[in-house]
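Please model the complete structure; the sequences and the hints are all you need to start from.
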Amino acid sequence: MAKDEFKEFKLVGTRPDRPDGLDKVTGRARYGADISAPGMLWAAVLRSPHAHARIVKIDTSKAEALTGVKAVITRADFPTGLTGEDWNLQENTMAGERALYDGHAVAAVAATSKLRAEEAVRLIEVEYEVLPHVIDVDDAIKPDAPVIREGAADATVPEGMPPNVVRYMEFGRGDVEAGFAEADLVMEKTYKTEATHQGYIEPHACMGQLGADGKGEMWVCTQGQWFIRKMCTAVLGLETAQLRVTPSEIGGGFGGKTTIFMEPLSLALSKKAGGKPVKLVMSRSDVLRATGPTASASMDVKIGMKKDGTITGARAEFRMQGGAFPGSPVDMALYCAFAPYKLTNVEHVGYDVLANRPKCAAYRAPGSPMGAFAVESLLDEMCRELDVDPLDMRLKNAVREGDTASYGPKYGSIGLVETLEATKAHPNLSIPLGPNQGRGIAAGYWFNHNGETSVSMAISEDGTAQVSVGTPDIGGSRASIALMTAETLGIPYEDVRVNVVETGALGVNEPTHGSRATFASGKAAVIAAGHAITEMCKRAANEWGIDPEAVEWVDGAAQPAGDNAGKFPPMSIAEIAGKMGSTGGPISGHHESVPEGVGASFGCHVVDVEVDPETGRTTILRYLVVQDAGRAIHPAYVEGQYQGGAAQGIGWALNEAYIYGDDGRLQNTVFLDYRVPVASDLPMIDTVIVEVPNPGHPYGVRGVGETGITPPLPAIANAIQEATGARLCELPMSPPKVLAAIKAKGG
Amino acid sequence: MVAINLWSSLTRFTDGARVVEVEAETVGGALDGLVAAHPGLAPIIEAGVSVVVDGEIAPNRHAQLPEGAEVVLMQRLKGG
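Protein sequences, first through last, are from chains A and B. Take numbering that gives the first Met the number 0: the final residue in the first sequence is number 746, and no numbers are missing along the way. Take numbering that gives the first Met the number 0: the final residue in the second sequence is number 79, and no numbers are missing along the way.
Because the hints were derived from the structure by calculation, they are not lab data. Accuracy of the hints is not assured; some may be wrong.
Covered stretches of chain B, going by a simulated chain A footprint (3 or more residues, C-beta under 8 Å) [claimed, not checked]:
| id | region |
| --- | --- |
| 1 | 3 to 11 |
| 2 | 37 to 45 |
| 3 | 54 to 60 |
| 4 | 64 to 76 |
All residues carry an ideal CB built from backbone N, CA and C; glycine is no exception.
Here it is in structure tokens:
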């Protein structure tokens, strides 16, 4: 579909009430911890206090003897023989021979109350042999670093690399050295980012039930119920279809709830306790110690630039640790790092490294913020050095449709130029700055994703519609899917209810990740609605005695396509639905696919900061997000995604970090010490929705959830440099670090 | 014939070739042909890759490869 074929819509692009709004503001919405059942037991988990230790012996006898304790499990209760990522998931769920990080689960208890389960956990005696540990990614590849796991490297790692390197990659094109030789300025710097947590408000929670017959159920807070099913059954050696997983309402995920951490424990405890349901709810401390943050990174970047701002060559070498298991997003970081720029000579090198930290999980545009921090920071310094406007530099080098991306393939329809031009035109850029104030600009990118998708839509007897989707609603997808379905059917938004359903109700769905829910489930819902329309036109044709091909669907009703088809008054969806029992039975639509036509999204952020030269504290004065949405189905939710991405990025840039002691134990395990931004830290975040419709989606959707967290890290670093003259290359840019940088500059 | 662009650290499995030509009409056929020509790539392909055809991630192994298509092998893309 060409861009100019997009028409004006009646519902798409409007801002109706949120379908989950009343439930959430009245406390009626049921989150993971709200689920209970008769006879339910409570679980508690014993976690390693050591960053790296051999488990010599576990004595559970005192816990088992405690009144009210119904089951105690250790790794001995899990099946053996798993390989690959299944083994990684099992090992992370419950430690085997060694505890690999502070917080690694070593035993779990189910008892008649939460307090009794916690009391029993304290009675479990574990004998540890403490082993040397390593926390920092650069330390982990030093020759004397403790080896986390022999033989963990995959086939991509050449012989002779440090044993904690488990994945290695190189890609690029052209001749970077020739590119650097052509440049007027070549700069090279090293950047470091700390691991940060997604910081979702709702901790992980589930209730699992598993009988001796291998049939089970789970109610869980998750971004992907089919992933929970697949992973839990793999870890426990069950048949996949025998576990039914129902997702709860979800209080934030940001990628961190696309995998399992403790869910199999509730099932294993349930089975050992005779099939009673077992509820397990993490504390915030459990969340920070034992669930997956993103990776920490150490990154070398070298760029060559001409006096006019043309980039002539670029090289990035990224090292990322994703905890004690393979899986850091170093590949995604490299793919995104130079994605906004048209480059002839570019080279990428990446190392995925093990360290004694929790197994990392996806976090909103996994890897992209780190890569952007390094590349966009260096580009900004080069613009200052060459006295080139940073937006003009980005426009000069910006990729357009048909250009080859830095990571290989050619771009389809993209809206980077439109995004940069909208940024340049925004009034925020002409607001004068005062003393100790600075303005920073940075661009960012995310691919967006399709994934396995299955959707059903059914017309009710009164002509309203229900849509069953498998993608939990973490950012407004129920509203956007309802809008698109209503637009397609020609009925009011309020006449469509979108339900997020359990694993028994649809074919396999990937989680809500990769900014895919509105794109993929939305596209499937539109196609499913089209199938229902075809059937409704057929029912009307049968009533009129004309050919179904001679019937068209207009404004929620079937009507003859022209005078030659016959003269009949339009037959509304309510009229057709009211008679469906006697005209052929239920009317529904279904669609499943891995939908084609994903549209990538670029963004550009502009931030004004003021830095207190006495304390080094950075205040965000104003913040602007400009991003290509393709088409904003429900603009308020799109703006919310833009603002949320910026808020998380601001926290990552200024405050958030995992702080480890010399003993390898995490020091800041509550929100008082792990400092996420609160409302009083932030101004109202301005947004501009750029719409370059994605031709691969019936309503032009690209996906908007992730790109927004990518530019804040470098944009704030660039603003701090302008405010203070000091360049910070390590996150977080907390007051002590900023103050030290100011003093080092002689300020 | 279809030309498959590899990421460069895979060249140690392909006798130094960054681009490998195979006889294939589908994405699955291209991956099978790649492994047949260079068996060292098998564990990497089996671990999961994304195949980008003319700028778009192929939805499945049966996706057709148009004549002269640009085919790029990438590490499997995922999101948060």
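Hints, one by one, checked against the model:
Counting residues of the region 3 to 11 of chain B whose CB lies closer than 8 Å to any CB of chain A gives 6, which reaches the minimum of 3, so the coverage claim holds. Under the rule that three or more residues need a Cβ within less than 8 Å of chain A, the assignment of the region 37 to 45 of chain B holds, with 3 such residues. Counting residues of the region 54 to 60 of chain B whose beta-carbon sits less than 8 Å from any beta-carbon of chain A gives 5, enough to reach three: the coverage restraint holds. Under the rule that three or more residues need a Cβ within less than 8 Å of chain A, the assignment of the region 64 to 76 of chain B holds, with 5 such residues.
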